[in-house]
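Trainee: Please arrange chain B on chain A, whose structure you already have, making use of the hints.
Protein chains in written order, with this note's numbering: chain A, 42 to 568; chain B, 2 to 36.
This list has only true hints and no planted wrong ones.
For lysine to any residue, the following SDA-like pairs were computed, each having C-alpha atoms within a straight-line distance of at most 25 Å:
1) A:Lys202 to B:Ala26
2) A:Lys64 to B:Arg7
3) A:Lys151 to B:Phe36
4) A:Lys168 to B:Ala18
5) A:Lys88 to B:Leu23
Honestly, the hints are just simulated from the structure, not real lab data. Predicted model only: the values in this text are computed from it and were never measured.
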Amino acid sequence: MTTNDTGESFDLRPHLQIVARFKYLILTFCVAAALTSLAMTYVMSEKFQAYTTVLYQPAETVSFRPKERDALGFPTPLVSLESIGNTLDELVKSDAALETVVRTLRLDVKRPRPPANWFITTFHSVKDTAKEYAGNTWQLLRYGRLIEKNPFAEAITNLRKNVSTARTAKAYTFRLAAIDSDPAIAAKIADLLAATLGESLEQARLRLARESRAGLEARLRDNEAETAALRVKLDTFKREAGLSSLSEELSLKLKTVAEFQEESQRARNELRALQMKRSELNRQLAAQDERVKFDSTSTQNPVVEEMRLELAKLEVERSGLLGTYTEQHQLVKALDAKIAQVRTKLVSESASVVSSESTRASDIYQKLLADWLATDAEIESVTARQEAYNRSISQETAGAQSLTAKEQELTDLSVRVVAAERSYVLINEALEEARIAESRVASDVAILHPAAVPRAPVRPNKILHVSVSAILSLVLGIGLAFVFSFFDTSIRRIDQVERIFQVPVLATIPAVGSGRDDGTILLGREP
Amino acid sequence: VHAWLRSRPVTYAATIALAALLAVAVSYLLNRIGF
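Bound conformation, chain A alone (with noise of 0.2 Å):
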């Protein structure tokens, strides 16, 4: 007694009385699908695996550069196992590799089953014919007509389902199986393949190489050429320019250059002092007359010996006085006026008067004049001379700039040169490791062992299979008495008397002479 989820009682009794009534159906049931079973594993054609062992360790590749763990920061990533695994399934399992195979060992030739008793025999071909109709209507029903058989075709795919690659333990072998009816053929089968497989990677490889290698020479030639251009082109641009070097002209240039621009201030500075002078003796021309006075006679000018002696008169009077009085005197002071008034009017009158006189040319006058001319020469000549620097100067400025720019042709043709030859050594060296790979004669992958002859079968398991189906058969078996159930309309117990007529049961009869005796009525029962 056990209760569901709702609460409701729920009584097991009455279900184990029905696999209990149906025991010996179920046993029938689950008997007869496991000895089929065991049959089944008897008739059908044995399987054999034969298998080879293939290691894989890729050949660590020459170079002359030392070895970067790094890329972008971060450690290169190493190719995992597993993708090598799945890489080598994939090329066992290629049209190529299994093409061979059935060629060389004539898979797609129906080969003749072993001798066999009749039984198996005609299970055989019953099967074999099931199997075609069966093929013909799934191709109706996929494709809508028949395709046409291709043999070849047929035993590739057979032989792609029974061949496997498997990593064995994460190590760097593989363990490559092939599945067969006969044992001698799957070891040849596995054998082949395996060979196969070697030389599809070798060829891979060398294939590879082989065109880096060329990829590489056809790199070095146009290199070569490059350089040989450039050189020639550096060589000739040395002649043309005729210079042995630059630089050196260059200097020569610059100190020249600086020489004249000295000899040019010195000529500045000469002009500068010679213009003063010139200036200067334009002045003192200026003051100097042309002409002197070369000879003259005068005569007192009588006015101006009065005025003096009355000049000297009153001067007399004055110191007379200022015995007497203070210079604050009136007196003083009013003589002191007579005085200046008598000094200006001496002034104004001229002491002497010219009556006669002749002039010549002045000697200062011709001396400053012949400097004047002298200097403007000079000036002339100095100004020329400075002139003559200047465009000197201007043309040697220029040379060295145009120096300059050759200088810089030079170096860019120079470093062209310096990067081609360059980049020259370092595809030769990675030609001369290409040339090393390519002539690598040891393989990536190396068979370990030829495949040996399997003694016994792989498939079928027959425990595996008798045990499925009993299980199966069993569950199932349960199922088909339940629905057997189901549909049983008979009455067999009190309980289900008392629930169909709503009324209680005062009485029963027991069964007579079935030796039974648990208060079981028999309604219904079959004859």
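Mentor: Chain B in isolation, oriented as in the chain A frame:
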């Protein structure tokens, strides 16, 4: 006919046939998936 169908031997024969069919199907499938 109804009674005959419900007779014990016929029921058992049908059961055995069904079990055989089941066993064949199981064997076929196991063989197919590589056991």
